[in-house]
Each structure stands twice: as structure tokens, then as C-alpha cells.
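Visitor: For the protein sequence lines, the chains are W, A and G, in the order given. Using the numbering used here, you'd call the opening residue of the first sequence number 449 and step up by one each time. Using the numbering used here, you'd call the opening residue of the second sequence number 18 and step up by one each time. Using the numbering used here, you'd call the opening residue of the third sequence number 2 and step up by one each time.
Please note that a few of the clues may not be correct.
Unchecked claim - Only pairs whose alpha carbons sit at most 27 Å apart, straight line, appear in this in silico DSSO-like list of lysine-lysine:
{"hint": "1", "chain 1": "W", "residue 1": "Lys837", "chain 2": "G", "residue 2": "Lys150"}
{"hint": "2", "chain 1": "W", "residue 1": "Lys581", "chain 2": "W", "residue 2": "Lys761"}
{"hint": "3", "chain 1": "A", "residue 1": "Lys173", "chain 2": "A", "residue 2": "Lys65"}
{"hint": "4", "chain 1": "A", "residue 1": "Lys73", "chain 2": "W", "residue 2": "Lys581"}
As the list claims (entries may be wrong) - Negatives, chain A to chain W, calculated, CB over 12 Å:
{"hint": "5", "residue": "His39"}
{"hint": "6", "residue": "Glu122"}
{"hint": "7", "residue": "Ala170"}
{"hint": "8", "residue": "Pro172"}
{"hint": "9", "residue": "Lys173"}
{"hint": "10", "residue": "Tyr174"}
Unchecked claim - Short, incomplete list of chain W residues facing chain G, as computed with Cβ under 7 Å:
{"hint": "11", "residue": "Ile574"}
{"hint": "12", "residue": "Ser721"}
{"hint": "13", "residue": "Gln724"}
{"hint": "14", "residue": "His729"}
{"hint": "15", "residue": "Thr730"}
{"hint": "16", "residue": "Ile732"}
{"hint": "17", "residue": "Pro734"}
{"hint": "18", "residue": "Ile795"}
{"hint": "19", "residue": "Tyr798"}
{"hint": "20", "residue": "His870"}
{"hint": "21", "residue": "Asp872"}
{"hint": "22", "residue": "Leu874"}
{"hint": "23", "residue": "Pro875"}
{"hint": "24", "residue": "Ser876"}
Note that these hints are calculated values from the structure, not bench results. Quick reminder that beta carbons are idealized off the backbone N, C-alpha and C, glycines included.
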Amino acid sequence: MADVVTNKTISPAAPKHAPSHTVANIKVVAPPAELAREPLVGNQRSIGWISDAIAGVAEGKTPMWWWMAFVPSVILMTTCFTMIVYLVSVGVGVWGPGHPVMWGWAIINFVWWIGIGHAGTLISAILFLLRQKWRTSINRAAEAMTIFAVMCAGIFPLIHIGRVWLGWWLFPIPNSNGIWPQFRSPLMWDVFAVSTYFTVSLLFWYMGLIPDLAVMRDRAKTTIRKFAYGLFSLGWTGSNRHWSNYEKAYLILAGLSTPLVLSVHSIVSMDFSVSQLPGWHTTIFPPYFVAGAVFSGFGMVLTLLVPLRRLLKLEDIITVRHVELMCKVTLATGSIVGYAYAMEFFIAWYSGNPYERYAFINRAVGHYAWGYWIMIGCNVITPQLFWFKKIRQNMMIVFILSIFVNIGMWFERFVIVVISLHRDFLPSNWGFFRPTWVDILTYLGTFGLFFTFFLLFLRFVPIIAIGEVKAVTPQADPHHPLGGAKEGGHH
Amino acid sequence: MAETPQVYGIVAEFETPAAAMHAAEKVRDTGFRKWDVFTPYPVHGMDKAMGLKNSKVGWFSFIGGVTGYTSGMLMIWWMNAVDYPIIIGGKPMFSPFGAFPPCYELTILLGAFGALGGMLFLNRLPRLHHPLLRNRRFALVTHDRFFVVIETADPKYSETETRKLLESLGSKHIELVEE
Amino acid sequence: MNDDLQSRLNRFRFLALVSGVIGIVLCVVGAFINTQRFFISYLFGYLFWLGLALGCFAVSMIHHLTGGRWGQVTRRFQEAGFMTLPVMALLFVPIFFGLKHLYPWAQPVKVAADTILQHKHAYINPSLFIMRAIFFFIIWIVMAFLLRKWSLQQDKTTDVTPTRRLRTLSGVGIVIYALTVTFAYIDWVMSIEADWYSTMFPVIICIGQILTAYAFSIMVLTYFSKYQPISETVTTTQFHHLGNLLLTFVMFWTYISFGQLLIIWSGNLPHEISWYLHRIAGNWKVIVWFLFLFHFFLPFFSLLFRPTKQHPRTLVKLAAIVFVAHMVDVYWMIAPSFYPTGIHLSWMDFAAPIGVGGIWIAIFIYNLKGPLLIPQNDPRVEYSLAHGK
Numbered sequence: 449m450a451d452v453v454t455n456k457t458i459s460p461a462a463p464k465h466a467p468s469h470t471v472a473n474i475k476v477v478a479p480p481a482e483l484a485r486e487p488l489v490g491n492q493r494s495i496g497w498i499s500d501a502i503a504g505v506a507e508g509k510t511p512m513w514w515w516m517a518f519v520p521s522v523i524l525m526t527t528c529f530t531m532i533v534y535l536v537s538v539g540v541g542v543w544g545p546g547h548p549v550m551w552g553w554a555i556i557n558f559v560w561w562i563g564i565g566h567a568g569t570l571i572s573a574i575l576f577l578l579r580q581k582w583r584t585s586i587n588r589a590a591e592a593m594t595i596f597a598v599m600c601a602g603i604f605p606l607i608h609i610g611r612v613w614l615g616w617w618l619f620p621i622p623n624s625n626g627i628w629p630q631f632r633s634p635l636m637w638d639v640f641a642v643s644t645y646f647t648v649s650l651l652f653w654y655m656g657l658i659p660d661l662a663v664m665r666d667r668a669k670t671t672i673r674k675f676a677y678g679l680f681s682l683g684w685t686g687s688n689r690h691w692s693n694y695e696k697a698y699l700i701l702a703g704l705s706t707p708l709v710l711s712v713h714s715i716v717s718m719d720f721s722v723s724q725l726p727g728w729h730t731t732i733f734p735p736y737f738v739a740g741a742v743f744s745g746f747g748m749v750l751t752l753l754v755p756l757r758r759l760l761k762l763e764d765i766i767t768v769r770h771v772e773l774m775c776k777v778t779l780a781t782g783s784i785v786g787y788a789y790a791m792e793f794f795i796a797w798y799s800g801n802p803y804e805r806y807a808f809i810n811r812a813v814g815h816y817a818w819g820y821w822i823m824i825g826c827n828v829i830t831p832q833l834f835w836f837k838k839i840r841q842n843m844m845i846v847f848i849l850s851i852f853v854n855i856g857m858w859f860e861r862f863v864i865v866v867i868s869l870h871r872d873f874l875p876s877n878w879g880f881f882r883p884t885w886v887d888i889l890t891y892l893g894t895f896g897l898f899f900t901f902f903l904l905f906l907r908f909v910p911i912i913a914i915g916e917v918k919a920v921t922p923q924a925d926p927h928h929p930l931g932g933a934k935e936g937g938h939h
Numbered sequence: 018m019a020e021t022p023q024v025y026g027i028v029a030e031f032e033t034p035a036a037a038m039h040a041a042e043k044v045r046d047t048g049f050r051k052w053d054v055f056t057p058y059p060v061h062g063m064d065k066a067m068g069l070k071n072s073k074v075g076w077f078s079f080i081g082g083v084t085g086y087t088s089g090m091l092m093i094w095w096m097n098a099v100d101y102p103i104i105i106g107g108k109p110m111f112s113p114f115g116a117f118p119p120c121y122e123l124t125i126l127l128g129a130f131g132a133l134g135g136m137l138f139l140n141r142l143p144r145l146h147h148p149l150l151r152n153r154r155f156a157l158v159t160h161d162r163f164f165v166v167i168e169t170a171d172p173k174y175s176e177t178e179t180r181k182l183l184e185s186l187g188s189k190h191i192e193l194v195e196e
Numbered sequence: 002m003n004d005d006l007q008s009r010l011n012r013f014r015f016l017a018l019v020s021g022v023i024g025i026v027l028c029v030v031g032a033f034i035n036t037q038r039f040f041i042s043y044l045f046g047y048l049f050w051l052g053l054a055l056g057c058f059a060v061s062m063i064h065h066l067t068g069g070r071w072g073q074v075t076r077r078f079q080e081a082g083f084m085t086l087p088v089m090a091l092l093f094v095p096i097f098f099g100l101k102h103l104y105p106w107a108q109p110v111k112v113a114a115d116t117i118l119q120h121k122h123a124y125i126n127p128s129l130f131i132m133r134a135i136f137f138f139i140i141w142i143v144m145a146f147l148l149r150k151w152s153l154q155q156d157k158t159t160d161v162t163p164t165r166r167l168r169t170l171s172g173v174g175i176v177i178y179a180l181t182v183t184f185a186y187i188d189w190v191m192s193i194e195a196d197w198y199s200t201m202f203p204v205i206i207c208i209g210q211i212l213t214a215y216a217f218s219i220m221v222l223t224y225f226s227k228y229q230p231i232s233e234t235v236t237t238t239q240f241h242h243l244g245n246l247l248l249t250f251v252m253f254w255t256y257i258s259f260g261q262l263l264i265i266w267s268g269n270l271p272h273e274i275s276w277y278l279h280r281i282a283g284n285w286k287v288i289v290w291f292l293f294l295f296h297f298f299l300p301f302f303s304l305l306f307r308p309t310k311q312h313p314r315t316l317v318k319l320a321a322i323v324f325v326a327h328m329v330d331v332y333w334m335i336a337p338s339f340y341p342t343g344i345h346l347s348w349m350d351f352a353a354p355i356g357v358g359g360i361w362i363a364i365f366i367y368n369l370k371g372p373l374l375i376p377q378n379d380p381r382v383e384y385s386l387a388h389g390k
């Protein structure tokens, strides 16, 4: 046993800074300068550095700006809950909806929030399947955003039913009336879609977190942190036999989430489109809603990550290239949304159906035309600016435009819900909609809920998928010189 | 020393993924069975280097998905067409069109549970204790180091021979880990 | 291109040309026997092959925008495919003479009896129909020539200007493609049913075209992978990626087709549901089941498994199934409007697609000869090669 170092005698290893192997004098085949892709991780950082940088965010001292954001968020969140208590105790009459606009802000906010949630799954799942490696830097934060956005969204359908305590009737659970849920209604489909979406997003997110929580566990200094991270990392050791099953499961979850993300907003769109109301009943709704959801989701990801990469000093991981790529997705989905608006308008005319035609003319020049034109301005014109590289690379402008996207998508749902409902087939069914202060405060309050959770996420969980970012660096590739392969080595 | 703790296995540390992979290929060819490679991220090609077969997680997910779809269809048919039929919107009591969206969601839901549950089951997780996790040096596995571990339970294990093998593969740091 | 392949292609082109000419001659004979029947069959045969050309057009632009190794080995096939557009424009001309056999808005009696047709008349009438068709073909042909020209230019120079131009054109081009196909197919197909409309329909057309183009690319690539120079470059990776793309578009097709069905079925409005009623009437149901099985079920579930996609022999069979299924799909979109009680097959339903297809394939092979089969000097190829597999 003399020459064997047992685990009691070794000095505590320091999983600390300083790149563990130098990368200086290895030549890497460079792509031609013209179309060189920027590396996914800037400045040739070592894989140890990645751990330090990302985990460091959750380990360091709580910065001042965090508190400055957290306190108002909590206050807003409290406002939201207060409004809900008020609503439940007094009744839905405290909200704006009434004849003929029976669906008001609750549904607008629901669709808006759940749309925002779509970017997370899109980035995680679809980009994973497409082998778009750039996703690794942003998927964790985007998935977290999805979960919190779906939480905000989920509040509204629940509280808008009036008697909240009977919400369980939505589920196929036997009750004393002996009546089952009515599965021919799209609202029932929605219950299944949204709850599945929330659950699967949570599973996907948590599964991605397991190895990273193990990183946190192995770096933890205090017993409490060690215990908490140890508990949630489920005893992860990084065994390759485990990785093998893990990667397969991840691939399957990505494969399941992709059709899921398409289905969720499609089903949300069917809440409207399977009816017969002009402005709602149109066949392009499912893909158009999905594109709109992805559009708004990427808008929100940009709104969050552009300032964060600066505040958290993660510019080498969330690079300008990432921002540019997200702008391009925004451009593509924004164009699809623009196409859908144009098609709806054209087909409304082409149909020769006077009600269809009226519904659309009313949108553009009627009482709520301002809402329609805000929507067109924000959703059709704004993203077209992303054709220009100069704009995609200017963080300030990207940030501002991303906020326009968020606003525009809220107005899109306003246009669909309120403008379509306020002029029915019969003039006796015409009316106006006005939100109340409770509507407004509840909506603002959900921002508090969203940001409270997001800020907590920033403090306690690695906000970027550490293991995945490591895996896309050249030094992680055993066939790459930086990964230790001999030049011209095997393969 | 009153009692000698049982030795769990021998741990060899490597600095690059290429070195670890090379070591894995050699260990595989030597014919070890109870051994593993530990890495900070999934190393591309390591399954092949270790001689692992394709993961079976897919079956768990598949069974989950099929269960979700069929049970969804049966549930909707029974509830809306058998147990309490009501005519609504002039639509048939049961139609695969209307029933499809919720069944689709159930397929995905149970398929996802199957994938995660299958992964945890196959990996025998969660577990709160593992001999390797007590080793301080091994904590680097989640940072930037690669480890090859051969368990003492392996029939081919021999303290000196195995150690020599790992040294010859270029490991700079080798130690024994206790149970 | 080696001599063996060359002579095989020559023989194949000759065969295609002969069957094309025979098909067209038969169609001309048919036109005198039963004029309306001829136009129905011809519209079907023509639009299927035009769809393939336009699909190739879209796919090559998608590749210019996104990159990916699957595109390097199939790009020349797609280019040869969309370079059939000038001849396809000529083959469209007969349809101009059959408007009143095909479209209710071109029949004064029907227009007089239908207020909706009167309403639409300002937009959809014979002269505007013809002008729009000419306009769309001019746009497509100009863009096709530019895409081809710059792609061939890049073969000869290491300067990356052509590639940059291709990317810029493709960005705008994909938008133009979507818009032109939308309005073209509203004219050519949607308006066959007097009062029917669906905002999803043009999207279904676009997805169908891209799907056919992928299926076709897989089939051609598999054939060419036996010969140099493709045999030296192609690996299972490319087939795997193409298989994934085929799966993706099979899924898209199913998704939007089912979406349209579900919404129209739920709304159950007379002027909308009639489209489906015509298409499930009588033995049209057989076609519906055929499409369900071969346009979705079989390819979808087979392509989910990785070995299917990595094994060219299996993949090519599925691609062929999808290709044929889509041909049936195009038939199902057109013919039931004229025979809303059940299938009425005519020998011209075979003569027309063989005639147009024979000519299409002959031009396709002609376009393949000359330029190198693997695009050269694409900056992104070197990049992906340098970065290994």
C-alpha cells in the first residue's frame, strides 16, 4: 500500500480557475475569413473556466442590482395575488368583460404568456434536433422562462372561470353530478395541452439541470448547499454509462417536445378557430399562432438576455452571434406572422362572405383600429429591421426592438379577442370593452410573479447549461487537437 | 488500524478527453466488465470506446406513449359516448378528430415520463451515496477532469496489474477509493 | 462524371423523352376525344411536376440560407430540377385555353348565377389569371437563372462573392417563393371550387412541394451514390440528415392537413365543408385512406427510427412512397371537384403525368450534364470538412 495514495491523504484538490491545460501552440484549421463562424465560446476558454464562470453567478455575493430588481418584483407579485383574492371574493364582475366581449384580458394575457413560453421549448428541443449548437448558451434560461411564463399563463384560465374552487371539474375526475368533461370542446383540449406542456417543460428543464446541479454540489462550500444540491442532483457522478442513457432520454424528450410545442399553441388557436366567428374561424390559425408564439418568445428571450449577458459578464458565452441568430429567428417568424395577417385579410375579401369582410375592415378602420395598427407596426414592420446586420449587432437597438415585439404580440391577441367580439353578426350584439383597474393590476402583477421566479433562478441555479456548453467547445472533442488528439490522429 | 475499509475500485485521472477515450478503448479490449469512465460532459464517441450498446430508454418512452394514446381514446369514448352521452354542437358522440388533441397530449405526457423515468431506472438513480462522491479529487469530474474507474469487483481486477495498465495509458494520478 | 454513368444517363434521358412525347401525343388525342377530361388530367399531371420544380427551387434556397452537408451533395439535383421552369412555363400555355373547362369563374353562366363569383370577378377573371401566371413565371425563371448562375460561378473561383449573393437572394427569395406560390395556387387550384376558401391551403401546397423535392433528392442521390464523384463524398450522415428532413416535412404536411380538416370539420359551414364532402364521397374514401397510410402513417413511423434513415436502400423506398403518395394527393386536390361523387379514372390521368414527367426528367438529366456534380469552393464546405465529422 506504500505507493498508493488513498483518499485520506491527498491534499484537497482545488477545482479552481487557471485553465488546466494550455492551448497556446496548437494549430487549428481556420475557416476562410469571409464565412468564419464565430466560436460558440469566446476567447478559447478552457472547460474549467466555463464551470467557474457560470456557477460563479449563482455562488458569488448577491449583487445590488439583483435586490433592486427583486424587491419591486415581489411587490408586484403580491399585487397580483391580492387582485386574485379580490376577484375570487367579489366575483368576475370586477373585470371588464361583459356582453358582447365576454372574453377580455384574461384570455389575452393567457395566450400572450403561453406564447412567450414557446421560445424555451423551441430553443431546447427543435434546435437540439437540428444540431444547432449555439442553443447551449441560452437554452437553460429560455427553458426557465418557459416554465415561469406558463405559470403566469396558467393563472388566467383558472381564475376566469369564476368559481375557482370548482376548477377541478376541468379534469376527468368523477364528481357528484356524474357528468364528464366534454371532449368536443377545444377548451378541454386546452386543459390537456397546457398542463402537459407545463409538466413536460419542467421535466425537460430538470433533466437538463441534473448534471449541472452536480457541478454545484461538487463546488459547494457550505453544508446546506452541499445537501440541497446533492439532493436534487440525485447522486449524479458523470458516469459514461449514465450519460449514455441520459443522452438518449434527452433526445427523446427533445423529440417529444417538438411536436408538443407545435400542438400547444395550435390547440390554443383552436379555442378560437373551431368556432364560427368571423376573425376567429380561419384555417391558418394553428401554424400562424405557433409562429406568433415563437416570435414573441424570442422577443422575450432577447429582452431578458441582452441586458443579462452584460450584467452577469457572460459575453463570452452568450455572444453577439447568439443575439444575431435569435434576431434572425425573430425575423423569420415575424415574416410568417405578417404573411398570415395578409392572407387573412385577402381571403376575407376573396371569400365573398360579408361578415368575414366586415370583421377585417372593422379591424383596420373600426373603433379599435389603433390596436390593429400597433399590432401591424410592432409585429410586421419591427422584425423587418433585422434584415440589417448593423441592427442585429447593436445590442441597444435589439433590446428596444424586442420590447416592441412583446407589445405587438399582446396587441395581436387584443385584436383577435376584443375586436372580433365587439361586433357580432347582429347590431344588437355590438358593444365596447373597457378594462378595469383590477384587469390592469392583475396583468402587471404577473410580471412580478415572472420576474420573482426568474431572479430566484438566477441566484440558485446555473443559468447556462454547463455540461452542454463544455461539450461544444473544441477542447471537449477527443478528435480535435485541443481535446488532446494527435495532429492528424485517429479519424 | 482496527479495520481496513473495503476498497471500491481504482481511479485514474486524465486531463483530456482524447486520453480518457484512448484509455477506455484499452480497458475495453483488456476485457474488464465492471468499470466506467466519468466525464464532465457526454464525450462524443465514448460509448463506442467503452463498447456500450444502444440505450434502452426508448422502450420506456414508447410504452408510455402508447399507453397515453390508447387510454386517452378509451377514456374519451367511454365518458362522452357511453357513460353520459350528450349531443353537443351537432357533433357525433365520439369522433377521432375531436378526441385526437387531448390523446396526443397524453401520448407526449406519458412518453416524457417514460423517458425520464426510464433513464433514472436504468441508471439506478436517485442514490444519495456513492463511494466515488466521497473522494475529494473525484469532485473534479464535474469540473474539467476525466476519470477511468475499475471496480475491485471485476474478476480481472488485480491491484498491481490494473494499476500498471492505467499508468501505461498516461494517467498522472491514480488512487484507490474505499467503499 | 464517368462514362458508365454518362451512358446510363443518356439512355435514361432518351427513354424519358420518348415516353414524354408519347404521353403528350396521347394527351393531344385525348383533347379531341374529351376536352374537359383532358384539361383535368393535364392540370393534375402538370401541377405535380411543376410542384417538384418549385420544391427544388425552395429547397435550394433553404440550403443557401441554413447550410448543412445534406445540401452540398444534392444541390446540383435541385438546380437541375428548378432549371426545368422555363420549359414548364411553356407547358403551362395549354391551360390558358382550358379555363372555361376548369374554372367556374371562367364560365359566364355560372358567374351569372353566383353572387360570390361576381364579387370575385374583379380579381379572378381570365385576363388577370393569365397575366398573373405570366408574372409568376417571369419571377421564378429570373430567380432560378440567378441561383444557377451564381452557384456555377462559385465553382470557378475561390472568391466568395457568389456565395454571398446566393445567400442574399435566397433570403428575399424564400419570401417571394411563399407569396408567389400562394397567389398562383389560389388561382390555379383553390378557385376550382367556386365558393371554397381556406387560408391554410397555400401553406399545404408549399409544404407539399418541399416534401416532394426532398423525396426526389433522396431518390436521385441514392442512384448517383453508386457512381463517382458522388460515391466519394456521400456518407450515411447525408442520408441521415435528408431522412430527418423528409420526416420533418411529412410531419408538417400531416399537421397542417389535419389542422385544416379539424377546423373546417368543427365549423361545419356549408361553403367550407363541401370541399371535404366532395373528397370523401363514394370511393374517394379509398384515396383518403391511401393518403393517411402512405403520406403519413408508414413514412412517419418508419422514419422515426435511426437505422431507416442511415440505410439508403430503405430510405429510398420510403422516399419513393412519399413521392407517389404526393402525386395522389395532388390528384385528390383537383379531381374530386369535377367528380364529387366518386373516382372517375381516365387513361388520360396516366398519360398526362407521364407526358409532362417524361419531358421534365429529360430536361432534368440534360441540366445535370456539364457542371460538376459537387459544388466547388463553397466556403462552408471547407469549414465543415476542416471541423471533421
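Visitor: All hints are to be evaluated individually against the structure, with a verdict given for each.
Guide: Structure-based check of all given hints:
no.	hint	in the structure
1	W:Lys837 <-> G:Lys150	holds, 26 Å
2	W:Lys581 <-> W:Lys761	holds, 21 Å
3	A:Lys173 <-> A:Lys65	holds, 21 Å
4	A:Lys73 <-> W:Lys581	holds, 25 Å
5	His39	violated, 8 Å
6	Glu122	violated, 4 Å
7	Ala170	holds, 15 Å
8	Pro172	holds, 18 Å
9	Lys173	holds, 18 Å
10	Tyr174	holds, 14 Å
11	Ile574	violated, 10 Å
12	Ser721	holds, 5 Å
13	Gln724	holds, 5 Å
14	His729	holds, 5 Å
15	Thr730	holds, 5 Å
16	Ile732	holds, 4 Å
17	Pro734	holds, 4 Å
18	Ile795	holds, 5 Å
19	Tyr798	holds, 6 Å
20	His870	violated, 21 Å
21	Asp872	violated, 16 Å
22	Leu874	violated, 18 Å
23	Pro875	violated, 22 Å
24	Ser876	violated, 23 Å
Violation of the numbered hints given earlier is confined to hints 5, 6, 11, 20, 21, 22, 23, 24; the remaining hints are satisfied by the structure.
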